[in-house]
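Trainee: Sequences are here, hints too, so could you generate the full structure?
As given, the protein sequences belong to chains A and B, one line each in that order.
Numbers in my numbering are just positions in the first sequence, counted from 1, shifted up by 4.
No gaps in the numbering here: position 250 of the second sequence is 249 in my numbering, and each next residue is one more.
Treat the hints loosely; a few may be bogus.
With a Cα cut of at most 25 Å, we get these calculated DMTMM-like pairs of lysine to aspartate or glutamate [stated by the list, open to error]:
#1 Lys308/B with Glu223/A
#2 Lys308/B with Glu140/A
#3 Lys63/A with Asp417/B
#4 Lys415/B with Glu223/A
These are calculated hints, taken from the structure and not from any lab test.
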Amino acid sequence: MLLLGLLMTGGLYTAFSPAQADSTSDEELVAQGRELFLVGCSFCHGQNGEGISTAREGKQIGPSLVGVGAAAVDFQVGTGRMPLANPGQQAPRKKPVYSEEETAALAAYVASLAPGPAIPSSEDYSIDGLSEQEREEAITRGGQIFLTNCTACHNFNGAGGAMPRGGYAPTLHGVEPRYIYEALLTGPQSMPTFSNGNLSPDEKRDVIAYLGSLEETPEYGGFGLGGLGPVSEGLFAWIAGIGGLVGFCVWIAAHSTRSSKTKEGAKA
Amino acid sequence: MSLDTSKVASSNGSSAATPSKPSKIGGVATWADDRLGLAGAMRKNLRKVFPDHWSFMLGEIALWSFVVLLLSGVFLTLWFNPSMGEVHYEGSYDQLRGIEMSEAMASTLNISFDVRGGLLMRQMHHWAAMLFVASMMVHLLRVAFTGAFRKPRELNWVIGCLLLLLGTLEGFTGYSLPDDLLSGTGVRAADGFLKATPVLGSWMSFLLFGGEFPGDSIIPRLYIIHVLLIPGLLLGLIAAHMLLLVYHKHTQWPGPGRTEQNVVGFPMLPVYAAKAGGFFFIVFGVTALMGGLLSINPVWKFGPYDPTKVTAGSQPDWYMGWPDGLLRIMPGWESVIFGYTISWNVMIPILIVPPLMLVILMLLPFIEAWITGDKREHHLLQRPRNAPTRTAVMVSLMTFYGLAWAAGGNDLIAIKFDLSINQITYFMRVMIFLGPAIAFFVTRRWCISLQRHDNEKLLHGYETGIIMRSPDGGYSERHLPISETAAYTLTARDRDEIYTVEGDTDANGVTAPGSRVQALRAKLSEKMYGYNVQKPTAAEIEEAHHHAAHEHELEAGLDHPADGHQFDGHSDHTVEEAPLRSGH
Numbered sequence: 005m006l007l008l009g010l011l012m013t014g015g016l017y018t019a020f021s022p023a024q025a026d027s028t029s030d031e032e033l034v035a036q037g038r039e040l041f042l043v044g045c046s047f048c049h050g051q052n053g054e055g056i057s058t059a060r061e062g063k064q065i066g067p068s069l070v071g072v073g074a075a076a077v078d079f080q081v082g083t084g085r086m087p088l089a090n091p092g093q094q095a096p097r098k099k100p101v102y103s104e105e106e107t108a109a110l111a112a113y114v115a116s117l118a119p120g121p122a123i124p125s126s127e128d129y130s131i132d133g134l135s136e137q138e139r140e141e142a143i144t145r146g147g148q149i150f151l152t153n154c155t156a157c158h159n160f161n162g163a164g165g166a167m168p169r170g171g172y173a174p175t176l177h178g179v180e181p182r183y184i185y186e187a188l189l190t191g192p193q194s195m196p197t198f199s200n201g202n203l204s205p206d207e208k209r210d211v212i213a214y215l216g217s218l219e220e221t222p223e224y225g226g227f228g229l230g231g232l233g234p235v236s237e238g239l240f241a242w243i244a245g246i247g248g249l250v251g252f253c254v255w256i257a258a259h260s261t262r263s264s265k266t267k268e269g270a271k272a
Numbered sequence: 000m001s002l003d004t005s006k007v008a009s010s011n012g013s014s015a016a017t018p019s020k021p022s023k024i025g026g027v028a029t030w031a032d033d034r035l036g037l038a039g040a041m042r043k044n045l046r047k048v049f050p051d052h053w054s055f056m057l058g059e060i061a062l063w064s065f066v067v068l069l070l071s072g073v074f075l076t077l078w079f080n081p082s083m084g085e086v087h088y089e090g091s092y093d094q095l096r097g098i099e100m101s102e103a104m105a106s107t108l109n110i111s112f113d114v115r116g117g118l119l120m121r122q123m124h125h126w127a128a129m130l131f132v133a134s135m136m137v138h139l140l141r142v143a144f145t146g147a148f149r150k151p152r153e154l155n156w157v158i159g160c161l162l163l164l165l166g167t168l169e170g171f172t173g174y175s176l177p178d179d180l181l182s183g184t185g186v187r188a189a190d191g192f193l194k195a196t197p198v199l200g201s202w203m204s205f206l207l208f209g210g211e212f213p214g215d216s217i218i219p220r221l222y223i224i225h226v227l228l229i230p231g232l233l234l235g236l237i238a239a240h241m242l243l244l245v246y247h248k249h250t251q252w253p254g255p256g257r258t259e260q261n262v263v264g265f266p267m268l269p270v271y272a273a274k275a276g277g278f279f280f281i282v283f284g285v286t287a288l289m290g291g292l293l294s295i296n297p298v299w300k301f302g303p304y305d306p307t308k309v310t311a312g313s314q315p316d317w318y319m320g321w322p323d324g325l326l327r328i329m330p331g332w333e334s335v336i337f338g339y340t341i342s343w344n345v346m347i348p349i350l351i352v353p354p355l356m357l358v359i360l361m362l363l364p365f366i367e368a369w370i371t372g373d374k375r376e377h378h379l380l381q382r383p384r385n386a387p388t389r390t391a392v393m394v395s396l397m398t399f400y401g402l403a404w405a406a407g408g409n410d411l412i413a414i415k416f417d418l419s420i421n422q423i424t425y426f427m428r429v430m431i432f433l434g435p436a437i438a439f440f441v442t443r444r445w446c447i448s449l450q451r452h453d454n455e456k457l458l459h460g461y462e463t464g465i466i467m468r469s470p471d472g473g474y475s476e477r478h479l480p481i482s483e484t485a486a487y488t489l490t491a492r493d494r495d496e497i498y499t500v501e502g503d504t505d506a507n508g509v510t511a512p513g514s515r516v517q518a519l520r521a522k523l524s525e526k527m528y529g530y531n532v533q534k535p536t537a538a539e540i541e542e543a544h545h546h547a548a549h550e551h552e553l554e555a556g557l558d559h560p561a562d563g564h565q566f567d568g569h570s571d572h573t574v575e576e577a578p579l580r581s582g583h
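Mentor: Right, here's the structure in full:
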């Protein structure tokens, strides 16, 4: 009985403690995030995340982070885009500098500045809870949304594309669903924001499901040539096709007929 | 297979061979010949001689890929449904199931996923189309660079240019048929090009589309153009192209025994029948490998065409890439004249420059013939270096094409090489003019240097790599004469004659009619040939050889076998055996 009591107490404690810990350590997390922010981010974004303007009108060293929400921080820091290694046209994706806990602390701090989009939970972008039929419908619907809203920059295959003045829409291959969802919510860099009024949470989920299905289905036609469209196809036609066939031309022409017939040749 | 040789004369002795009983096959052949009269034609043509060189087989790639196109194309027509009627797709490809699309698109997906071997055939057809146009261009370059378009082959050159144009149009109509997002974007662009025609544009567009874009008749119309009209024209022109080839006989490279009057090579049967037949299988094999292994035009990822959608990387197939590139770098110029908008931004890169380039291409042999005034027949080819201006003009045109082509892929260049698409555009706007000019001068000087090098080989021999040290300490490289064959081949070319006007005014000072044109012609001829290096005269070669022999005599004492010369040919021969001596 004592044992049972202990087990139950322990079990209940473990069951409830994370929630409790969350609520109690929120302040702590924000404080920890502020510490990190002052060291790593404030140089460009200001000591209170208010952004720093340059002498030139309308130009900023770093934009204000008031109201960008935890989702923006999780996306930018989680994909390694922030902190920026060097100024450029666009922050490239790289190895994250902060650990997951530190990212969470930074996100909590920035979220505490003003209300903004929160980090989505896995239920938001997962279709695991749906039936087989619903899943298929979600993927088909997501494909149409993707082709309407996303391919103009990210290409039909999610392989990415060019933007003006050295900017680019990055590839969507191998990007975690959470980050796609956050990018849609917060519109990083050149990307427009797809708010929930614009693309409902379900529609965002469907787009992510479609992208996942593209990665899961095999390349039916063979090697995909980078999924970049006719330019890479033309490159292969010339290099592999014409290059190879001209090679065969040289080979055939180099193998001429015998100049003298051997006896066996004469008999045959 | 062994033949019964007992009845065949085994020697050239006096007793005649006993005729064997005619075989059944012979009987059938006689039967056919009595009715068709093929033997006479066959006897001549089966023994027709073709010269052997790898570059003479480039056009063959085009021919064989056309055969692959016909074969795979027939397969595709059995399932393709060229209709713009709307259906809900219910086939095997999950991601599009239930989506509304045209029957053309649905049947393309059906061929790709539900017809056995359908995707392979689709991809082979598409790869063969890419290779068809590409091999025509490579063939064109070979013909141009070797001067094979000179008299009597000018008209065949024009036919070839028309084949290139038709091949391009055939390709465009073909990749527009599936009615997917990418091809629909291409058709939309074509609609825009038509509409950019001043005054007539909208009418032409309405005529082609049967009303407002996209309408529901463009796919059936493109289909009949693609499977009947253009293939018919292509077949006819290919036949004419090859008949003229047989009639003119093939050109050959100069060399001992090869003249303007003969063709040195191997007969059609058995040599070229085997080589060409084998080459067909190679082209088929390469196409099949590419179709089987490399994905091309994955329409299922594009989805059906919808004018509200577009994708990054919307490029045409490669052969339409250069007008697309011109379009991409063209500034957005427009003007309004009498209430009509003139879209220079579309007209210049699409409606003016490409047709102009085609006309220039077709006129090349005629322009050259007019400037040179050369009325002779040419069956011996020229090395590109021996026609520096022509080679430079071709490289200049290639540079223009290449830059425009690269501009067509500006977005991919930007993302793959971390560049700014704007900067690429500015660069191309300048280089499209500057590049061809630089290419022209560099190529021409390069050719002339190579001509000088040829003359040096003729006069002073080739560089042996043997360094001689003279008694007073000077170093020089030993040259040895080239072989007779090589010398013959190098000198088997005509001297260029600059056209000059013989007095454009008569005794009374009256200008002769047309003399201005003649003056222009003389000027162009001067520009074309003025810097060329001519082959040395016989006297010059003779003198050079005497000079070399004399020098050799002076060096004779040095030419003794000596230690340390085991590998340069100086240790094992005497002065009398030296190649220079034996030549005289």
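Trainee: Next step is simple, just say for each hint if it's right about the structure.
Mentor: Hints, one by one, checked against the model:
1. A hinted pair counts as satisfied when its Cα atoms are at most 25 Å apart, and Lys308/B with Glu223/A qualifies at roughly 23 Å.
2. Taken as a hint, the Lys308/B and Glu140/A pair is honoured in the structure, with Cα atoms around 22 Å apart against an allowance of 25 Å.
3. Restraint check for Lys63/A and Asp417/B: satisfied, since their Cα atoms lie roughly 24 Å apart, inside the 25 Å limit.
4. Between Lys415/B and Glu223/A the alpha-carbon distance is near 22 Å, which keeps this suggested pair within the 25 Å criterion.
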